[in-house]
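Student: Protein chains in written order, with full-length UniProt numbering: chain A, 1 to 483; chain B, 1 to 483; chain C, 1 to 483; chain D, 1 to 483.
Treat the hints loosely; a few may be bogus.
[Said to hold, decoys possible] Listed next, the in silico EDC-like pairs over lysine to aspartate or glutamate satisfying Cα-Cα at most 16 Å (straight line): (1) A/Lys414 / C/Glu11; (2) B/Lys457 / A/Glu413; (3) A/Lys130 / A/Asp357.
[To be verified] Covered stretches of chain A, going by a simulated chain C footprint (3 or more residues, C-beta under 8 Å): (4) 37–44; (5) 449–458.
Keep in mind that the hints were calculated from the coordinates and are not lab data.
Even glycine gets a Cβ: it sits at the ideal position worked out from N, Cα and C.
Protein chains: 4
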Amino acid sequence: MTLKNGNSYRESLKELNPEVFYLGKKIDDRLGYPSFLPHINSAALTYELANMPEYEELLTATSHLTGKKINRFTHIHQSTDDLVKKVKALRLLGQKTGACFQRCVGWDALNATYTVTYEIDKKNGTNYHKKFKEYLLYVQENDLMIAGAMTDPKGDRSLKPSQQKDPDLFLHVVEKNDKGIIVRGAKAHQTGIINSHELLAMPTLAMGEEDKDYALAFAIPVDTKGIIHIFGRQTNDTRRLEEGTMDKGNYKYGIVGGEALTIFNDVFVPWERVFMCGEWEWTGLFVERFASYHRQNYGGCKTGVSDVIIGSAVAAAEYNGVASASHIKDKIAEMVNMTETLYSCSIACSDQGHETDSGAYIVNPLLANVTKLNVTRYIYEICRLCHDIAGGLVATLPSEADLNNPQLKYLIEKYLKGVDNIPTENRMRIFRLIENMTGGTALVESMHGAGSPQAQKIMILKQANLKMKKKLAEDLAGIEKEK
Amino acid sequence: MTLKNGNSYRESLKELNPEVFYLGKKIDDRLGYPSFLPHINSAALTYELANMPEYEELLTATSHLTGKKINRFTHIHQSTDDLVKKVKALRLLGQKTGACFQRCVGWDALNATYTVTYEIDKKNGTNYHKKFKEYLLYVQENDLMIAGAMTDPKGDRSLKPSQQKDPDLFLHVVEKNDKGIIVRGAKAHQTGIINSHELLAMPTLAMGEEDKDYALAFAIPVDTKGIIHIFGRQTNDTRRLEEGTMDKGNYKYGIVGGEALTIFNDVFVPWERVFMCGEWEWTGLFVERFASYHRQNYGGCKTGVSDVIIGSAVAAAEYNGVASASHIKDKIAEMVNMTETLYSCSIACSDQGHETDSGAYIVNPLLANVTKLNVTRYIYEICRLCHDIAGGLVATLPSEADLNNPQLKYLIEKYLKGVDNIPTENRMRIFRLIENMTGGTALVESMHGAGSPQAQKIMILKQANLKMKKKLAEDLAGIEKEK
Amino acid sequence: MTLKNGNSYRESLKELNPEVFYLGKKIDDRLGYPSFLPHINSAALTYELANMPEYEELLTATSHLTGKKINRFTHIHQSTDDLVKKVKALRLLGQKTGACFQRCVGWDALNATYTVTYEIDKKNGTNYHKKFKEYLLYVQENDLMIAGAMTDPKGDRSLKPSQQKDPDLFLHVVEKNDKGIIVRGAKAHQTGIINSHELLAMPTLAMGEEDKDYALAFAIPVDTKGIIHIFGRQTNDTRRLEEGTMDKGNYKYGIVGGEALTIFNDVFVPWERVFMCGEWEWTGLFVERFASYHRQNYGGCKTGVSDVIIGSAVAAAEYNGVASASHIKDKIAEMVNMTETLYSCSIACSDQGHETDSGAYIVNPLLANVTKLNVTRYIYEICRLCHDIAGGLVATLPSEADLNNPQLKYLIEKYLKGVDNIPTENRMRIFRLIENMTGGTALVESMHGAGSPQAQKIMILKQANLKMKKKLAEDLAGIEKEK
Amino acid sequence: MTLKNGNSYRESLKELNPEVFYLGKKIDDRLGYPSFLPHINSAALTYELANMPEYEELLTATSHLTGKKINRFTHIHQSTDDLVKKVKALRLLGQKTGACFQRCVGWDALNATYTVTYEIDKKNGTNYHKKFKEYLLYVQENDLMIAGAMTDPKGDRSLKPSQQKDPDLFLHVVEKNDKGIIVRGAKAHQTGIINSHELLAMPTLAMGEEDKDYALAFAIPVDTKGIIHIFGRQTNDTRRLEEGTMDKGNYKYGIVGGEALTIFNDVFVPWERVFMCGEWEWTGLFVERFASYHRQNYGGCKTGVSDVIIGSAVAAAEYNGVASASHIKDKIAEMVNMTETLYSCSIACSDQGHETDSGAYIVNPLLANVTKLNVTRYIYEICRLCHDIAGGLVATLPSEADLNNPQLKYLIEKYLKGVDNIPTENRMRIFRLIENMTGGTALVESMHGAGSPQAQKIMILKQANLKMKKKLAEDLAGIEKEK
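Just need the whole structure built from these sequences, with the hints factored in.
Tutor: Next up, the structure:
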């Protein structure tokens, strides 16, 4: 059976025992730990929806390796239609969770590695692609969740990997032997890694020959010996440890994706799981491929999340009695316009995708970078407009515990009442949802997830064909061509 | 032969003799008149490129009526792929002309009328669609240029057609007889009409029963008796009457589309060319269809024009010796990002199009409106950044006549020299191109062409499904559904 | 002695015993409670700096009532220079605290009440101003901190006070007797009230005669019988209850101002502290005066806070090794530009202030509203750029407890190291400061403090003199004046 | 008599006979030439208003040299109040002309030269300041209009003056003798120079020792032998040569300032008019002083022009029948907000000005640069919103000649009628005013006048005191100071 469901996903995680730290302590029961549950719920939904007939088209696909139905999150894109469906699947899950569901990073890592290993082998006669296809088959057959491990800590950002004072600030090979390789270093911002099955490591930037020990791609289980995960703090994180549901905002799902700093203390990787080792000439392409796939996503998942934020603004306006005010409607129209613009960018980079040598399809890289660059701006503005519409109570609301205090309950219900037909509790819940979905970590994730804005600008300039545009202008201005 | 070329297009226009006024005078030789030539050149290019093998895929199509190869500008869209090709054809022509080539208005009118007449007939048992298909055949076989006639003068905009003090401020039927109808009124902003073969009139807004005399669609030649065209002024228009090419900027093409105020002084339309007459219930749909098709375009043609503007900024920066300055590159990246965002919106509304009852395909209306709303903002910002990059000479440059004055030539060439390897004249030509492409009429056209921003916002809100979004938020906030 | 210092301020608070609830519990030791301390520290700094010679000019003033040196936060502005100094004092305190120091609300309430009571008395022959001056003297002599109590809960915002189903949704008089009045209702978003001495209540909007019971201004101690304060939650609030300092970000001060929902359960106010009771005709002016004073502030305090945010971005860039990247410098220039624009608006509305009938000076209301409207946009953008510069660790950083865990300390210090000469802990501290100063509650406060943006737009239109501007245009266009 | 009026200004210009070229021809009767008249009218208004009692306070000042009443445009600022009055005078003139009135460049040149020569002399023991005061006296006594000559052509902008292939691309000394110096080169964008009395040349950028021949400041009459002025083209410039008034838009005044390329063919300057010659160390300060004064202006004159644009939008909305639409009011509020923000920046940089060593007052340079940087953005947005409100007729309106054609007059008046009580001609006039005030040259002038945006950003960063801000952040984050 290639499709897991929510339960079998959770069950399968029990078989892994990664070393996870959070708030200074080692967490042994990560599946029962309240800080992690919302993140696990989000990821689990990628399994659950795949089993529901109404979402089958978007959430499953037919494996090009086996012809079997697989969860789309393990699929290698076979057409631009697959790329469009990816965006729609992500928007759907964004709408259902209002959160990051974490599974796209590994998906993009699978597709990037698939295409690049094919090209390396074709050029170099290596057998990375064959090994990777075997790995992919294993992933598809077991419906595994993969953590795509891209970003190294980077240390002093003005220096290359081999120039860093501490050579471990980028993940690198420290030993090779008959059976495999030993790696040391770390990967930061590892989305969903504590509830993933495997991690798939990739190079983080284009490298030169001097950095060839850092030119690495491989896959291993997340609980491989020598790996430590330090789970990062998030805005309002400890509300997950409080009683009740209201003050958590989006109490069931994770808002952002549960990121960890993953440290590799001399970790062994067998050769059959090594997909690049030393081929520094291909690191640039690797990063571009992964980044293009990953930047495509942000007009999918984030527009789903934006739909929730727009919906919360609509609800707040209604509860406050101002839904028909023209300035409110105008602001909602602006929120919708930005959301659909982001969605359009993702759809367009998919529609304009093309086949790679390996047969897998890749998005249009120019438009994928445009997608992400816009996300780094629009999401902030969407959240700003949501604050504008909702009002100041988002920042000063009493706690759920206050509402539950018998001495205060009547007073809060009386004085925080909005329009007559809406219970005060509902109004409070919407304000809390807004507080938790529109600030702090969630904003930063829209900024830096899939790479920082400057990385997108560099790619945009690289892809823009300015020479052709200059010639268009010179021709129309009547300027004689330079001989 | 269904494909005209540039020459046969111009020849065919000679057979028409519309009554055209400009700058206070009747213009008899409109094909030789220097103020009109650039506009005619732009339109002619839609014919010329269709005959070039490298553009055949984008500029021609296969008629669904006859199976013959036709100019794409007369085609009824048969798939989302046709819609995507439309966008690409428009961008190509925008790049080649740096201007409006006028022919999309009629194209969109053909498609809108095709789909709506089908639905009217299906509901009412009328025969508009049959008549329209005959007309379409005539257009395709003769490769005609159609002026889509949508916008009425509207008078006091707070009043409906029948409420206006002067009933003629919207085009309406004043008489019906056995042979046809007599119409009176006007259409404003008629793009390309003086060099079109036919006009296809449509209703300008959703109407109620009291306005049924205004619920009108029909087609007639642009030189039908009783029609007067008053050609509007454009920014720097009389430079077209000057000698030389430099000060015209884009001297060969029209920058914007050559718009006229077209007045109908009791004009006869035979019944076989009447496609709607009194069916007020369908006016809303008619406008929506046309507007959706037409708003799609602006991420095509305007991105082509933007490519030229970006190219002129790149050229100016190089000529000034600042091409490698980081702030210049950053601004160019922003210009590219905005251009590709607009393009993405057009591609996405095409990719997400759907079939109508008639079999013709229509774009996604939400995303088409998003496209146009963004155009009303981004084009201004693109032009602003171009000014920033180019420098102040755009506003203070001596004239071409000064450069040709023997006493001044040496001085101008000496003192307006930029980098060493670029002739001063080239630098001046780029500045003039920028001056003429980035100000005045060209900006206003990006604002109001295909409808004003507020019209787009209304459609965006209408299409946004806010109720669904609100429910998403309430579900995630833990709010019990209202019973 | 009219000047308190930090200690005497804290001591004086002990003499008050307000009923305060937080997180569902009654808090008895509010001065020792870790959630409240940072807010108290911020307010205390307004007392401390007034005793330091280098800040004397900005933080103290000469009472126009007594000629004595007083804390400027109790001063009635006697000149435009006083208004300019207000802005500078606020910026200074914003820089020193990176937070809201709460005391301006009461200050603005004092000035607004001073000017309006004078005008009421002049018109109506009442003695509100005389009573108010006595109260003011008491405030100045004892250097009291006043909570300005403006915003009522408002219920259904489409309804006026007397139209609400529950008449208590706006604060109102329920009884009058020889000694005073009894009031019922609530005030929301009460900044700094739990560590203030007195509250000064004012009407929240312009009212008609039917709402005259709501036309109220008065002052009472914050622990008056019948008053309950429910302290609102803030983003990351419970980090204040954790050990350590790092994860609190701005650990010493409060980020925002410690807001409470203050409920008046039939509270008695003696006549000598009633400054308006029933004079509905003056409510509009009252709100305008207070709002103008209060909107002026946001280009003072928030620019001080912005200075800290800019400084944190500069530090982050240096620690990351990217301080000299041109895109980083460009973003910092944009942050500075926005900050100084906001400051300019505050300075300008002060410079262009004018004397009121009472002799007190009021800011230019048009420019004060412009100030605040810009704040609702720029602060978000400043925070966005700070996120951009700082990088993704702002959202995924391990906790201080992790750093203190001996097993992790070495690993975190190793892998989160930036440039060589900066300890990892410092880098983490800056990221935490950024996380806590740029998200959630802090943003919302910039949006809605001193009134929501739409309130500012309405005032801007009202003050804009559009008729004069229209005439300028008509004159230049050669349009004959209408007779 | 130190105050000229409009007539005596025009008369005095007749005594000068500068060599002026325009559109390829030498213009001998520059005072009667229709292309120049509107510019002369704008400048003349600076003389006329100074004689009107209601503007006396703003348009005149008391000379600190003589104690006489002088035109403020020749005044050396003696206080921050003078600086504030400068801004108000500029806004007033912007409102009255809707145009550039040209005289501020020379005014700023006078003030900059006054302050810098004082400091050079103090350091070097030269006598520039004494000579300059004599010159200033002459200017004040004769109420002269001075063209401030700052911007050199610059050639390849990546090269310094002495690195250019052609050494004349920056104005420089080619010979010195007993009587004076001979200079060669050019100044670009010379605002108002053909209707000025004198030009006052200044260095255009900070120079090193190798460029000391370019470190020059001097004053001479604009018709000095060897000087040629080539008057630049402007958008819609030749409409000034057409009959009628409507199509000119702002028919009486010049929209922008009438800029010329002024060439110095070995021009003699007597020593008594040389105010800097070789003191390269002072060029940076010179440019900063002039730029600060000049950037201050743009929140004065441009806000006056914006008032006219806002007024034209208000008029257009009323004429169209949409004045009460909420989206129209919202856009007008935005236009007002931007306009008043720019004004605030100018007021603030004035209020926060300070005394220089010479006794003259200078604006706050940080805030002056902020002013101008905002202008380069807001004016475009103000124009964009004006286009949005006015509607498409701005781009397609028939000509005044059409309206005067008897065959068309009735039709145009009928079909371009808006609301009932406004003559069609008035509506057309407003649209034409908008077309001419909001596009092309006028926009570019807001971008590059007083220096390009990047120049402002560099100054903003230089003035921002980032080190202090960084320390604020580090202190609040609990970071130990570096020892």
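Student: Each hint: holds or not?
Tutor: Hints, verified against the model:
| no. | hint | in the structure |
| --- | --- | --- |
| 1 | A/Lys414 / C/Glu11 | 35 Å, violated |
| 2 | B/Lys457 / A/Glu413 | 37 Å, violated |
| 3 | A/Lys130 / A/Asp357 | 15 Å, holds |
| 4 | 37–44 | violated (count 0) |
| 5 | 449–458 | holds (count 5) |
Comparing the model with each earlier hint shows violations of hints 1, 2 and 4; every other hint is respected.
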